[in-house]
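*Asks:* Chains as they are written, first to last, in the numbering used here: chain Z, -15 to 295; chain G, 88 to 369; chain W, 3 to 360.
Derived from the structure by calculation, the hints contain no laboratory data. Do not rely on the hints blindly, as some may be mistaken.
As the list claims (entries may be wrong) - In silico lysine-lysine, BS3-like type, Cα no more than 30 Å apart, as pairs: (1) G/180 - W/131; (2) W/12 - W/350; (3) W/352 - G/180; (4) Z/162 - Z/187; (5) W/350 - G/235; (6) G/235 - W/12; (7) W/131 - G/195; (8) G/235 - W/352; (9) Z/32 - Z/162; (10) G/235 - W/203; (11) W/320 - Z/121.
Residue-level listing of the chains:
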Amino acid sequence: MSVFQQVLIGPLKDIGSNPAFFGEVVIGGILAGMLYSLVALGFVLIFKASGVFNFAQGVMVLFAALTLVGLIERGAGVWVALAATALVMIVLAFAIERAVLRPLVNQPQIILFMATIGLNFFLEGFGEMLWGANVKKLDVGIPDRSFMAAGMQINQLELSAGGIAAILVVVLAIFFQKTRIGRALRAVADDHEAALSIGIPLKTIWVVVWSVAGLVAIVAGIMWGAKSGVQFSLSLIALKALPVLILGGFESVPGAIVGGLIIGVGEKIGEVYWGPLVGGAIENWFAYVLALAFLLIRPQGLFGEKIIERV
Amino acid sequence: MTLPLLEVEGVSVRFGALTALTHVSLEIARGEIVAIIGPNGAGKTTLLNVISGFYHPYEGRILFDGRDRTNLRPPDVAELGVARTFQNVALFKGMSVLDNIMTGRLLKMRGSFLLDALWWGPAQRQELAHREAVERIIDFLEIQAIRKTRAGTLPYGLQKRVELARALAAEPQLLLLDEPMAGMNVEEKEDMCRFILDVNSEFGTTIALIEHDMGVVMDISHRVAVLDYGRKIADGTPDEVRKNQAVLDAYLGVSSEGASAAPSETSPRIAPAKPALERPGA
Amino acid sequence: MIYREAGQFKTTYAADQAIFPILQDRIFVALAVVGAFVIPVRFANEYWLQAVLIPFLIYALAALGLNLLTGYAGQLSLGTGGFMAVGAYSAFKLASAFPALNIVLVFLLSGLVAALVGVVFGIPSLRIKGFYLAVATLAAQFFLIWLFNKVGWFVNYAPSGTITAPPRTVFGVMVTGPDAAAGARYVAALAFVAVFALIAKNLVRGRVGRSWMAIRDRDIAAEIIGVRPLRTKLLAFAISSFYCGIAGAELVFLYLGSAETLAFDINLSFLVLFMVIIGGLGSVLGSFLGAAFIVLVPIFLTNVPHTVGLNLPVALAKQIELMIFGGLILFFLIVEPHGLARLWQITKEKLRLWPFPH
Chain Z
-15 MSVFQQVLIG
-5 PLKDIGSNPA
5 FFGEVVIGGI
15 LAGMLYSLVA
25 LGFVLIFKAS
35 GVFNFAQGVM
45 VLFAALTLVG
55 LIERGAGVWV
65 ALAATALVMI
75 VLAFAIERAV
85 LRPLVNQPQI
95 ILFMATIGLN
105 FFLEGFGEML
115 WGANVKKLDV
125 GIPDRSFMAA
135 GMQINQLELS
145 AGGIAAILVV
155 VLAIFFQKTR
165 IGRALRAVAD
175 DHEAALSIGI
185 PLKTIWVVVW
195 SVAGLVAIVA
205 GIMWGAKSGV
215 QFSLSLIALK
225 ALPVLILGGF
235 ESVPGAIVGG
245 LIIGVGEKIG
255 EVYWGPLVGG
265 AIENWFAYVL
275 ALAFLLIRPQ
285 GLFGEKIIER
295 V
Chain G
88 MTLPLLEVEG
98 VSVRFGALTA
108 LTHVSLEIAR
118 GEIVAIIGPN
128 GAGKTTLLNV
138 ISGFYHPYEG
148 RILFDGRDRT
158 NLRPPDVAEL
168 GVARTFQNVA
178 LFKGMSVLDN
188 IMTGRLLKMR
198 GSFLLDALWW
208 GPAQRQELAH
218 REAVERIIDF
228 LEIQAIRKTR
238 AGTLPYGLQK
248 RVELARALAA
258 EPQLLLLDEP
268 MAGMNVEEKE
278 DMCRFILDVN
288 SEFGTTIALI
298 EHDMGVVMDI
308 SHRVAVLDYG
318 RKIADGTPDE
328 VRKNQAVLDA
338 YLGVSSEGAS
348 AAPSETSPRI
358 APAKPALERP
368 GA
Chain W
3 MIYREAGQFK
13 TTYAADQAIF
23 PILQDRIFVA
33 LAVVGAFVIP
43 VRFANEYWLQ
53 AVLIPFLIYA
63 LAALGLNLLT
73 GYAGQLSLGT
83 GGFMAVGAYS
93 AFKLASAFPA
103 LNIVLVFLLS
113 GLVAALVGVV
123 FGIPSLRIKG
133 FYLAVATLAA
143 QFFLIWLFNK
153 VGWFVNYAPS
163 GTITAPPRTV
173 FGVMVTGPDA
183 AAGARYVAAL
193 AFVAVFALIA
203 KNLVRGRVGR
213 SWMAIRDRDI
223 AAEIIGVRPL
233 RTKLLAFAIS
243 SFYCGIAGAE
253 LVFLYLGSAE
263 TLAFDINLSF
273 LVLFMVIIGG
283 LGSVLGSFLG
293 AAFIVLVPIF
303 LTNVPHTVGL
313 NLPVALAKQI
323 ELMIFGGLIL
333 FFLIVEPHGL
343 ARLWQITKEK
353 LRLWPFPH
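Whenever a hint applies, use it, and build me the whole structure from the sequences.
*Replies:* So this is what it looks like as structure tokens:
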């Protein structure tokens, strides 16, 4: 079999010969993509409002999940634990604004980026010191079972995760478009100084976005935690959200969502049908290459307007 | 009659649906100082950007020395001997003034990477030769005292001067200046005028400049071209332009139809030294 | 009073453009370089050489490489670990394929291989900038590590998947392999970093460095001066990866002795980035200060509890170490965002005036 056949024809034939399995792959990809979208959303919120590339988003997911599991393990009810975790994330947002953002205001972006890496280390150590570093099972009451629909096997837990992610996205969209604070957030994203000059308190805005990003992190933490247990590797899903950002743009909420879906589905299809040709385990870099290839065709990303550089 | 140094022939530029320049033609002869004026948003900076290769025209041609150079990239335009300054000072802020000006001589420097790495022989001699040339420019523009200062920390007026120095360092044939005097006080403006005239007379550099200060424009330029809404509406000596009805209308905000019908004979002089004439209500 | 430049007049531009225009600096640096070659070899024990000085020199070389790319040319990269891996695996392949090849040449050639790979992954830098580029360089990081993991050829089909440093000599002295003395490996690492630091300094104070900084500070203005963005950025990627490649080869050959791809994972990329930013972006000296800081802090943090008689559980000590490390990064960024090199410069300014500060 020629290389051409192996690379192009073979996998496509596989897809055609078993469409139900292909459907399963696509659905799996969409569900994974939803979760990437959630993490990417955390990045986008913070980047839009404060221009900070928050590398600690992944650890925030871990930290939220650790806190939640830790509280449940110590006998708190699920809802109490959830409320307490939300509170913790909001307190964290205040602390970050006070201790990190405020002293570094007006510094170049790379300095703030570095600061979030410092934050990343700090939170990782802090979270594990509080709650321990061993793998924990997170049970939120949704059974990890599968059912059959149209000849496809669908996992109930993953389906619920996808549903919740979708609801969250809608809620956030409404929050941004319709509420007063949402409008203020968009104003800040457009122009910091102009927003300040019409009396929008920057500090409050920062606390709000970091809090919202923290709450999104809780949801992402629950979803991933329920699937694969709460452990350090959770913080690495942040890396999976980065190609989503290249694709969707750092400042676009719809970009984060659609980008996440494209990456999720593309990655699954790539791994299942093309992965075996090169020895598998390509999911670490495939998403990046996919995003880069996309950028070469459309440099402004998915939702960016064609960039006209002002000289 | 010799060939003009630069010919812009019927150039139009569009950004999406917006047309920034429409059929603009302009000739610049060697040794001239040409001012490009017009209300805000008239397309002056766009014209400079097309000449320096940042934008490419959607129709029309640009010729240097009679040769078609329409679709060159900025570094290629630089190699033809064009240097420029920017409206909102574009210095290399993290570098010293000296390094900024030395960077201006980049195209004059040749050398092998290996010798550069070793700072040896020809590489060192070349560096020193160019340092001397740069020092002459530093003397000429009277910025000796700030040689080693980081460019980003300088006051605005000095930054503009350093930017001019950087452009001069390339020993350009054509120098494009985008509002060289914006935001300057009277003394700084006088200095800048003197520098521009000196550059023109001492080095024979051809200069095209955008300026809002009519006093300055009328004083130092040999010829004035006026843009309005992306079209060239007048081109001539300062005196001719001063008396041109279309120009007066553009500045005073009369619509062109109304202006041609208006029976005004006495054309009010554009007051010299009135800074930053802008479209009323804009 | 001691640190005083009054009376030292520069009468030529050559003197004014020297790396160390002030006499005291020249004397100090000359002494420091000679001292660095002689003193540790004579007096430092195995632990200091192996755990502190050798990694410091290797990391300094890598930080220097990244600083050329990020600090001078303004292209943020998170692929350093990947480029170092290219150097290490090339050195391993070259050394095992050509046993007669001098190890210094092996290192230089591996640097060249890394430079080529760096150029390939630098191509997107023409179209994408800033954090987008940083994320794109992660593609290099993950792809390269995956490649070295998957393709057995790179490790000569060793079932363990590790590469080991073969024994090689320079001037009859064993510098790599299990029998090489720490002192010899130290001197080899020092010689490389000294030469390449000098070359880096020469590059950044001349034509090449100015075009890098021009692209970094204002790419549009740089273009109309005649700087060609793609060529300039790719040159920065090439030189930077060359440095990182050699550092990667040294990491295995002079320091670890043997390694898997794990040694070059994303954490290494971040570690080197820390060194550059904490030391000072756009500063050759800063690369050294940053490397020293990152090497010394963990050692300090692990040893302090012991010296004060505190016995912490290993896990807890690790967690506290992470917290302090993260906290220190924040602290330094807040106190001096321009890095240790700027702090040093400020101290020098004060010393020039001392003891009469006004």
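*Asks:* Taking the hints in turn, state whether each one holds.
*Replies:* Now the hints, each set against the structure:
no.	hint	in the structure
1	G/180 - W/131	holds (19 Å)
2	W/12 - W/350	holds (19 Å)
3	W/352 - G/180	holds (24 Å)
4	Z/162 - Z/187	holds (21 Å)
5	W/350 - G/235	holds (17 Å)
6	G/235 - W/12	holds (14 Å)
7	W/131 - G/195	holds (29 Å)
8	G/235 - W/352	holds (18 Å)
9	Z/32 - Z/162	holds (17 Å)
10	G/235 - W/203	holds (18 Å)
11	W/320 - Z/121	holds (23 Å)
Hint violations for this structure: none, all hints satisfied.
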